[in-house]
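Enquirer: Here is how the chains run, residue by residue.
Protein chains: 2
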Amino acid sequence: MTQFFQLLLILVLQISASAESAAPKESVRLVDYVRPFVGTQGEGNTYPGPSAPFSMIQLSPDTDNELWETASGYEYSDSTIMGFSLTHLSGTGIPDLGDFLFMPQIGNPKLVPGTKADPDSGYRSRYSHDEEESSAGYYKVKLQKSGVTVELTAGERAGMIRMTFRANAEASILTDLHHVLTGKKWKVIWSYVRVENNSTVTGFHLVNGWAKERYLYFAARYSRPFDKAEIIGDGQPVIYNTYRFRSDKEASGANLQFLAKYKTRESESIIVKLAVSAVSAENALKNLDAEIPGWNFEELRDKTRTKWERELSRIEIEGSQEEKETFYTSLYHAFLAPNLYEDITGEYRGLDQNIHRAEGFTNYTVFSLWDTYRATHPLFALIQAQRDADMINSMLAHYDQSVEHMLPIWSLQGNETWCMIGYHAGPVIVDAYLKGVKGFDPARAYEAIKTTAMNPNYDNVATYAKLGWVPFEKENQSVSKTLEYAYDDFCIAQMAKALGKKDDANYFAKRAANYKNLFDPSVGLMRGKDSHGEWHTPFNPHFYDESTGVNDFTEGTSWQYSWYVPHDVPGLIALMKGKEQFTEKLDSLFTFREADQSKGVSDIQGRIGEYWHGNEPSHHVIYLYSYAGQPWKAAERLHEVVKSQYGNKPNSLSGNDDCGQMSAWYLFTCMGFYPVCPGSEYYVIGAPQIRKATVHLSNGKTFVMNANNLSDKNIYVQSVALNGKKIDHPFLPCSAVSSGGILTFEMGPEPSKWSTNPQIPK
Amino acid sequence: MTQFFQLLLILVLQISASAESAAPKESVRLVDYVRPFVGTQGEGNTYPGPSAPFSMIQLSPDTDNELWETASGYEYSDSTIMGFSLTHLSGTGIPDLGDFLFMPQIGNPKLVPGTKADPDSGYRSRYSHDEEESSAGYYKVKLQKSGVTVELTAGERAGMIRMTFRANAEASILTDLHHVLTGKKWKVIWSYVRVENNSTVTGFHLVNGWAKERYLYFAARYSRPFDKAEIIGDGQPVIYNTYRFRSDKEASGANLQFLAKYKTRESESIIVKLAVSAVSAENALKNLDAEIPGWNFEELRDKTRTKWERELSRIEIEGSQEEKETFYTSLYHAFLAPNLYEDITGEYRGLDQNIHRAEGFTNYTVFSLWDTYRATHPLFALIQAQRDADMINSMLAHYDQSVEHMLPIWSLQGNETWCMIGYHAGPVIVDAYLKGVKGFDPARAYEAIKTTAMNPNYDNVATYAKLGWVPFEKENQSVSKTLEYAYDDFCIAQMAKALGKKDDANYFAKRAANYKNLFDPSVGLMRGKDSHGEWHTPFNPHFYDESTGVNDFTEGTSWQYSWYVPHDVPGLIALMKGKEQFTEKLDSLFTFREADQSKGVSDIQGRIGEYWHGNEPSHHVIYLYSYAGQPWKAAERLHEVVKSQYGNKPNSLSGNDDCGQMSAWYLFTCMGFYPVCPGSEYYVIGAPQIRKATVHLSNGKTFVMNANNLSDKNIYVQSVALNGKKIDHPFLPCSAVSSGGILTFEMGPEPSKWSTNPQIPK
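Respectively, the protein sequence lines represent chains A and B.
Per this note's numbering, residue -16 is the first one in the first sequence, and the count goes up by one each step.
Per this note's numbering, residue -16 is the first one in the second sequence, and the count goes up by one each step.
None of these hints come from the bench; they were simulated from the model.
Do not rely on the hints blindly, as some may be mistaken.
[To be verified] The list that follows gives simulated cross-link-like pairs (lysine to any residue, SDA-like), each with its CA atoms no further than 20 Å apart:
| # | chain 1 | residue 1 | chain 2 | residue 2 |
| --- | --- | --- | --- | --- |
| 1 | B | Lys421 | B | Glu342 |
| 2 | B | Lys211 | A | Asn438 |
| 3 | B | Lys195 | A | Asn438 |
| 4 | A | Lys195 | B | Glu342 |
| 5 | A | Lys168 | B | Glu342 |
[Stated by the list, open to error] Here chain A is said to cover these stretches of chain B; the calculated rule only asks that three of the stretch's residues, wherever they fall, bring their Cβ under 8 Å from a Cβ of chain A:
| # | region |
| --- | --- |
| 6 | 62 to 71 |
| 7 | 175 to 182 |
| 8 | 218 to 228 |
| 9 | 253 to 267 |
| 10 | 333 to 341 |
| 11 | 440 to 449 |
| 12 | 593 to 607 |
These numbers come from a predicted model, not from an experiment.
Backbone N, C-alpha and C define an ideal beta-carbon position, used for all residues, glycine too.
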């Protein structure tokens, strides 16, 4: 095609795209497709309460605060609610947050939560899903014990709780500063509460949680003055006993609660508007008053729903009601985190625990990078480029504040949890840089990435750099670390090359090949090796020891991790002696049945043989069929996973959503391609799962995917055309997406010859 | 005297004063008279380590951190030192501070302090007073265990520790973040330490102490890079165990320590320069680098000594070496507190726990007002007027931040301890206002004073206002509170009058007379009364119950508190049926002997009968003789107290110095007058205890006191002349002092007729 025709084609496509987006929108509200309950039952670990996109506050009901498996505080199967707290993580495998629980009561107020079996022993209440609803920006439930209807809505830093009481002489609203999602492991170290005036309370707690030292403040304004206000310390009212004065308007201690007491009229609604800050109570009040100056619950809800509508409309799809509900809920979940982490003043609490001001960027936290580098950030690079740049600038600020001079690994509200492995901030930044995301300094970013990858202390990276692998006797999860370092190094080499840093590019390219050092040809799999070059013996490719967590692999087995060479699949195929043996082995991953199917961490489900879709190491694996000339097998497995492990029901998610990674996998997969190797120039084509997607890219361009004849039977790709030109390989250039265009699939009921002998780009 | 002659006289006096101050100064260094050990043995509770005047940091050795009686951390009788911490209170009765202990060691470092009996069981070391010295701005000691000589010096916010080691392969410097002066009651709630680089450490702790929730950060720079740096958490080195990464460069927890390890050469000195901040580690570093950019120990020491010289030269005296040592040490102690409490950035942590910026004033903390309103602040009004204004502005900021809308009672580093009784910030401000201290807003100050005195929650002030007394069945220490409220109310009335607020003046003047309501004529003393007007029965005028602290009196008895009507002594004399019965009763206070002399709190000593000079309620009492026409009795008692309860020895102070109040009593008394009633227009003349004092007032004027013929025998006032004019009464107008002038006493060996029938001003 000549350049002229290319331009002409793009023009035509853009006209057709805008014609489409000019269609009447009033009738279609994407926000109405969102089902926040998806993922709340079982392993998904999402929460049903409202928040704005990427917001700092997330109001949501907590049904549990002790179970590790109820990391978001809400489990759909639970039949009691403890109350409504202000912050929540979406889809993580470890609990934290759940700061500051609010709970209306009637009668003599209870000061302990009580148990699930006996909710009447505390402030906990039974509820029914029949009297519960949730939508983007809104949650409602009727508490059976008190008869109070509770409604929640939330904006960026502030939210509202509306409680509608029956007539009662002894109504009260409890704030429990001692409540956090503890997983029986974390605890509130200290707290402070202050009754600022007859309708305003501020408070603070310091939590030793997954985030080791986390400070959070809140401010609460009540729509009507308290009839009586009472602070409770260690279960007793804080009063002055006439011996040595103590104010009853403030208290500090490890276990504090506040009771706003009212005599209520029938159907009286009391609204509490709330905000949080990691800096100070003063800033929490500023956040509150700036965002919610008035008392209009619906106004805030509608404002937040409008924000969601704007974000969700970045991708428009055609599909059934169920498909749309699943798709837009996935997009909603992908847009919940990372979270805004700065006050209206621009101040935030840094990793060094000093108060910083975000200059020239918006600061974010909650970087679940081992998960989100895979598909979430690559999605952001396309349709959330400005936020992606802000997130990168946030990571660079983290780097500046890090005593180890490292980019985040898994950072959470001014803390580094050091959770999971690798140095995957690298791929996120490199992928963004190579995809044209603007708004951060590439030289500064590269310096941070390189310094992180050269850290002499972290996880035996230095030994890896010297030896070519992480020796298992020196480091836990040595094989997974070696493999992921190698991939990260590939990304760094790509950026070094782009920046003209030849020596660095060569150095990291060499490190990128380190994966080969742990491939044991005698077993045809990746295997632990000690510092003398001896293989780890005995070797069981299916071994997984959850009880100790000490293993050569990270949340997985050799059988699973042996596929982890996203940056050099041809190299891996060669190690496995060619495509035939490669695909045979891959087949057996899905068919392998072990006697004991309960092995592995219990919250990793979505298992098809030893393919565990509920955890990230498997996420790129199905797409490897596309490299090996058997795309129909990818089509079958992708269809199977999408149909069985996603949906619009509370239990639809098979694994932790992990701050949107499970959802982002689904979104890409639906559109027919996936970033197997972020930082490379190609997406890998699988098989589309929705009929049409129109992607409004952040750069103003539009990308359209059509899957002609797609149906539950027509799951196989027959042919693919990019901008009208057929392609017979599964490698979709990233530039072809970001420059806008049309990707057209012809689908059919049987495997085709399409892409059965592809040239794999290196 | 005509106005012309008055002016002439003042001119002459000023010329003579400047002639005097033009005398060669090089030979006389007032700072050399300071003996910081005074008050470190027994009840004085001072500390021997260095600090600048009114400074934020106070480096000093701690010999104890558990005894309530060793509130400043150092007891001269102890023979072991735990280490050297950064902050100390001067003379308080309750321990707190002692933040961040530094201790050099050799050999395998100990991580627990060890006991006094067995110091070798920990890092504690024996030392000898023969190898110890202390002067203003400097402290030195040789630690016997390690052979390390430790020297301390300090400036405003930063100080230095110089440690001179012998050659040792295993030298180390411990920082114990867990160390505070606990009195076995307080504790470190949380802490954080961070090895910023190979010679810099920052840290933080949150202390639940006398100050309920106190945040303090430190920064430390070492003069040479660590050979090895180690963080200790709960007694174990913080290392990475290859399972889940943890940095060895930072840690948080309740029990943290840091070890800087060195191989030292013979006589090698290692300096640690240190600063504190209540805001952040970042600010602590800023404070450090701004104040001590280099490494010159002597330069900082000399700078601080120059500051002390400037402050001490506000009063020049003639006297013996011992008298000068006692006097200038008292002045030194009076100038240790309140303490600077803002960073070099102007930021400080407010009572509301928000970070504030002091705009237009310098922020101070440590307001021991029940003590210091008596003589310390009246002294400041004369010779530290600018700081007094800053302190008042600091109290007004406290008021603005107070959830109870109250001026400080006993405030300590962003906390209100609610220690002691009354609302004595009022007298401090009123006295300053009436004495002409400029630099604060009187209208705003008055509003704060009045609001404080009208608080409906605090210590039954509201009942007092309504009933005329605090009923004993409703409130502990009801008599002392009634009496002190009445005095405070007198002050408020004075200011209201001066501001033209007639109604307020009348209202508070009426409250000022409330003391009469608790005078029981049947016993001739002050006595508890219930809300029905019934006297507290049985009544024992000498009753003091230390064990419960529940009593009608505050740290005293009826016999002592019955003299507390500083604002209306004539009224009290009238209640006591005239001067004769008044003085007889007063005599018996000094002669009363009870079988059990151990009653009362053990740290209140300085007892002459039931006159307990070691505690503040007695401080004005001797001067009451002057009102009653028996000034010679005052002269005898004043001489007795000065000679027996003050001096230049470690055990010279008979009671807690209480942030300078014991010392300020001495300073005024030496000069022959005392502020019996701050907020009134008169000082009360007693009997001078030094030959001459030249006071350089903050307003630029000079006031001179001459005590002609004073000697150990000539202790009686024969005559008094003010600016050359004889006066035959003991009431020295405050204006006569503040306008500059000469007060001349003629002293003799026998009581004279001087002032035996004075007209008492009302």
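Enquirer: Hint by hint, say whether it matches the structure.
Expert: Hints, one by one, checked against the model:
| no. | hint | verdict |
| --- | --- | --- |
| 1 | B:Lys421 with B:Glu342 | holds (16 Å) |
| 2 | B:Lys211 with A:Asn438 | holds (18 Å) |
| 3 | B:Lys195 with A:Asn438 | violated (41 Å) |
| 4 | A:Lys195 with B:Glu342 | violated (35 Å) |
| 5 | A:Lys168 with B:Glu342 | violated (44 Å) |
| 6 | 62 to 71 | violated (count 0) |
| 7 | 175 to 182 | holds (count 4) |
| 8 | 218 to 228 | holds (count 5) |
| 9 | 253 to 267 | holds (count 3) |
| 10 | 333 to 341 | holds (count 4) |
| 11 | 440 to 449 | holds (count 4) |
| 12 | 593 to 607 | violated (count 0) |
Checked against the numbered hints given earlier, this structure breaks hints 3, 4, 5, 6 and 12; the rest are met.
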